[in-house]
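J.: Protein chains in written order, with the numbering used here: chain W, 1 to 114; chain B, 1 to 116.
Derived by calculation from the structure, the hints in this document are not laboratory data. Keep in mind that this is a model prediction, so the values were computed, not measured. Among the hints, erroneous ones may be present.
Derived list of chain W stretches under chain B, where covered just means 3 residues or more per stretch with a C-beta under 8 Å from a C-beta of chain B [claimed, not checked]: (1) 13–24; (2) 36–45; (3) 50–63.
Derived contacts from chain W toward chain B, CB cut-off under 8 Å, selection only [said to hold, decoys possible]: (4) 10; (5) 77; (6) 79; (7) 83; (8) 87; (9) 108.
Ideal Cβ placement from N, Cα and C applies to all residues, glycine included.
Now for the letters of each chain:
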Amino acid sequence: DVKVTQSSRYLVKRTGEKVFLECVQDMDHENMFWYRQDPGLGLRLIYFSYDVKMKEKGDIPEGYSVSREKKERFSLILESASTNQTSMYLCASSLSRRVGNTIYFGEGSWLTVV
Amino acid sequence: AQTVTQSQPEMSVQEAETVTLSCTYDTSESDYYLFWYKQPPSRQMILVIRQEAYKQQNATENRFSVNFQKAAKSFSLKISDSQLGDAAMYFCAYASFSGNTGKLIFGQGTTLQVKP
């Protein structure tokens, strides 16, 4: 089975802190994604990556950056956390860019910014 | 830009009965994929069912089936013989062939409660 692991399930950070959310997948998937989930808004795409060192902006990239130095690892970075970034963050991966591929999700990281 | 709308924030069903979750979408494309994902309380989202738009036959996976109405841009999920384990949030999602990225556009989600 594909496993997408988000290392931190629950985090509490202070406003202005730099925050790293780490995600690792174990199935040699090319595509990786970071989504943000908020009540009433569903999931919104922050960034995605289809190869090492490649990244593309999603729908809500402002205030975030990403890093993909190795194929299996995709990190989301909040350069200066703000309270409006309090949310659930979901990492996901898929085999390739082929449309229709199953996307596999991690369990999510709950981030609270105070 | 494509959008996905789930107009039912919450639904409930009695165990063993049938429930239908609604989803509509907006697109100018003729071919695309549609999905239903399930997010149980443990939070890991899993794929329930997928449908490619050019296929007229509605997809089915065991107790889960869809009613795909392409002209109406509607993609509802029917759960038959509901079980307690079906309680979850369900998301409808759209994947465009444009740009060939494989990314999904999600609806707002519907929370399904299953009553014993």
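J.: Holds or violated: the hint that residue 83 of chain W contacts chain B, with Cβ atoms closer than 8 Å.
T.: Hint on residue 83 of chain W: violated, closest Cβ of chain B at ~22 Å, above 8 Å.
J.: Measuring from the C-beta of residue 77 of chain W to each C-beta in chain B, is the shortest one below 8 Å?
T.: violated, 20 Å
J.: Between the segment 50–63 of chain W and chain B, see if three or more residues pass the 8 Å beta-carbon test, and mark the coverage as holds or violated.
T.: holds (count 3)
J.: For the segment 13–24 of chain W, does the count of residues with a C-beta closer than 8 Å to a C-beta of chain B reach 3?
T.: violated (count 0)
J.: Identify whether the interface hint at residue 87 of chain W stands, where standing means a beta carbon of chain B within less than 8 Å of its own.
T.: violated, 13 Å
J.: Please check whether residue 10 of chain W passes as an interface residue: C-beta within 8 Å of a C-beta belonging to chain B.
T.: violated, 11 Å
J.: Less than 8 Å between beta-carbons is the criterion; does residue 79 of chain W satisfy it with respect to chain B?
T.: violated, 23 Å
J.: Can you confirm whether chain B covers the segment 36–45 of chain W, using C-beta to C-beta distances below 8 Å and requiring at least three such residues?
T.: holds (count 6)
J.: Mind checking the CB of residue 108 of chain W against every CB in chain B and telling me if the closest is under 8 Å?
T.: holds, 5 Å
Going down the numbered hints, you'll see the structure goes against 1, 4, 5, 6, 7, 8, while the others check out.
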